[in-house]
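K.L.:
As a plain string of letters, each chain reads:
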Amino acid sequence: MTTFIQGLTTGILMGCIYAFFAIGFTLVLGVMKVVNFAHGTFVVMGMYIAIFIFMNYLWDPFLSLLIVIPSMFVFGLIVYYIIVKPIREQPLSAHVIATIGLLIIIENVITLIFGSQYRTVTVPYTTSAITVGSVRIGIARMFAAATSLCVVGLFYLLLHRTDFGRAVRACADDIEGAWGLGINVHRTFLIAFGIGSVLAGFSGAVVMPFAVASPSGGLDIVIKTFVIVIIGGMGSVGGALVGGLIIGIVEGIVSALWSPAIAIAAVFMILIIMLTIKPEGFFKKGLE
Amino acid sequence: MLLSASLLRKTLFVLFVLALLSVPFFIRSDYLLTVLIAALFGAYICVCWNLVAGYTGLFSLGHQAFLGLGAYTSTILYVKYKITPWMGMFAGGMIAAVFAASITFICYRYRVKGMFFAVATLAFGFLLQALFMTWDYVNASTGIWLTLQNKPADFFFMARVPYYWIISVLLVISLLVTYYLERSRLGYYMVAIREDEDVAESLGVNSSQCKVIVMALSAFLTALGGTFYAQFYLYISPACVLSIEPLISMQVGALVGGSGTLFGPVIGWAFFSFLGEFLRGLPLGGTAVGVISRIIWGLSLLIVIIFLPTGMIGLGRKLISLLPFRHQKIATQEIGSGISPSHFTKNEKKED
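In order, the protein sequences belong to chains E and Y.
For the first sequence, position 133 matches number 133 in the working numbering, and the numbering has no gaps at all.
For the second sequence, position 209 matches number 209 in the working numbering, and the numbering has no gaps at all.
Rather than coming from a laboratory, the hints here were simulated on the basis of the structure.
Take the hints with a grain of salt, since some may be wrong.
[Unchecked claim] So, partial list: chain E residues that the calculated Cβ filter (under 8 Å) puts toward chain Y:
#, residue
1, Ile100
2, Asn108
3, Thr120
4, Ser255
5, Met269
6, Leu271
[Claimed, not checked] If you only want the chain E side, here are some residues facing chain Y, beta carbon under 7 Å, derived:
#, residue
7, Leu112
8, Val151
9, Gly153
10, Gly165
From the three backbone atoms N, C-alpha and C, an ideal C-beta is built for every residue, glycine too.
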């Protein structure tokens, strides 16, 4: 029973973080219908920027956000101009190929700079934990989950309470209509992609105090993101949170009761089952 | 005399096969042969993947799973039950084909199409890798070693040349399969499905049957390659045969060479093997070679998808059609008709 509760707690915390991983992806997919297979690698990029800053200046990963956020934004803009804009109107297979190409490039550039070994960031609170009853909760994980929840909430407000958010949702619904309303669709897409990259890098930096980074971790993250988005619906922030929690809890409980490898297998099973249960037509749904 | 397209293709094919088979008579160096065998193996799996992705538009991202199933089936049968890999090869092929057919059928049944098919197959590959990582019967993540011995009856050779013959024959078989499919009813169905599945179905193409057959065929051939991999490198583990790495080389070779064409994958992979060897010759240090060549893989994927959706073959055709020979121009246009891969650009809106 204790193991179960332990797994559940870890799962809930990880679920919030997974939701954070997914919102940038779901934004890009929902708004411009671009499947970004490199999203997970953007997360890894955020991790490595935080690692780089920690290695050179001993800044806490949360402090390194000051650098992660602007650099990921600029990176997102560059990627948008070079890759996303030319392929946006092409079929999805072109998105898959182009973003896998991008994934390979980023992954190997990171390997070239940092080597392929696993890396961690050890801050004073990395190993500290609070104990409630018989359940241990890592402080670093709690910080990351709390930040994730805040950012997901803020992102929801950005989409629903600001003019920019309304413009984004208008573009998601109907591009021609958005042009007609005087929205500069290209600029909206550009900024939305930039924000998507920022969210990815941000989430990567936030998990660094307890996570283990490796250059090839991106595909794993992007598959989890896919499961979350398919459960929650394209472009839905609330759905991403629900999907993230489901994945996190399943993974937490399965890896506490059996083994982490079976937990990975369970996540992939969920994906295959979700894909088969839910018929085509995810893209009909815009941003909620 | 008008040089007809099909004659040109046949001549090219025969010349290619002759060149391929004559290599061991000229090259004696074991090192060069090893490099060539690795290159032919890469080209072979590229051709297999091209069959589903290039011709049928089924963007399978789980082909490494079939490679792994082939390698594991024959190796397990040999190590545990002493069944010769020559038989195990076909057992592995059948198992991979059954898996491929069931995935494709399930995906068709629940209308998982396009990108979602890609994601489902990707998940299948990762699922299999995760399972093999924990499955003690197949030595979990440690993998299985085979001992080097001289037993031609069990698919072990001390020399390199027999391996060269085997992979050449496999490559020629896969090319012949592609060649005959291209001109067969099934081949036309495949291209029709790639171009527009709904229209193809409305014209009476049984798209589920067609997809299942092609996917099973491609998985079968890929699994044969898996057995070859196990017998040649004498070591398999979930981290090598079941990883995403072989899949990425299949994609890169087929797409950069020209997907949906007969020789595209071979040309593409030949280019990348040459590049790899070229980089190895530069003073870069051990790991940097692999990393840099992969960066070039990624860049070429981007270039192909943004500027050159027809790949190197398309570029070659364009260049040939610029030559001032009328007959050849007709011939190349004939080759280009009907089978040029337009599935990357077909959704582009035409301006009225």
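K.L.:
Restraint: Ser255/E near chain Y, CB-CB cut 8 Å. Satisfied or not?
P.N.:
violated, 12 Å
K.L.:
Given Thr120/E as an interface hint, is the shortest Cβ-Cβ distance to chain Y below 8 Å?
P.N.:
violated, 21 Å
K.L.:
Let's test the interface hint: is any C-beta of chain Y closer than 7 Å to that of Gly153/E?
P.N.:
Gly153/E check fails; min Cβ-Cβ to chain Y is 28 Å, beyond 7 Å.
K.L.:
Holds or violated: Leu271/E as interface residue toward chain Y, Cβ cutoff 8 Å?
P.N.:
Since the shortest Cβ distance to chain Y is 4 Å, the answer is holds.
K.L.:
Under 8 Å is the threshold here; is the Cβ of Ile100/E close enough to any Cβ of chain Y for the hint to stand?
P.N.:
holds, 7 Å
K.L.:
Take the shortest C-beta to C-beta distance between Leu112/E and chain Y; is it under 7 Å?
P.N.:
holds, 5 Å
K.L.:
Would you settle whether the hint for Asn108/E is holds or violated, based on the nearest Cβ-Cβ distance to chain Y being less than 8 Å?
P.N.:
Check passed: Cβ of Asn108/E comes within 4 Å of chain Y, closer than 8 Å.
K.L.:
Against chain Y, is Val151/E within 7 Å by beta-carbon distance?
P.N.:
Cβ of Val151/E sits 25 Å from chain Y, so the hint is violated.
K.L.:
Double-check Gly165/E for me: the hint is only fine if its C-beta lies closer than 7 Å to a C-beta in chain Y.
P.N.:
violated, 26 Å
K.L.:
Have a go at the Met269/E hint: is there a Cβ in chain Y nearer than 8 Å to its own Cβ?
P.N.:
Constraint on Met269/E satisfied, holds at 7 Å.
The structure fails to meet hints 3, 4, 8, 9, 10 from the earlier list, while all remaining hints are met.
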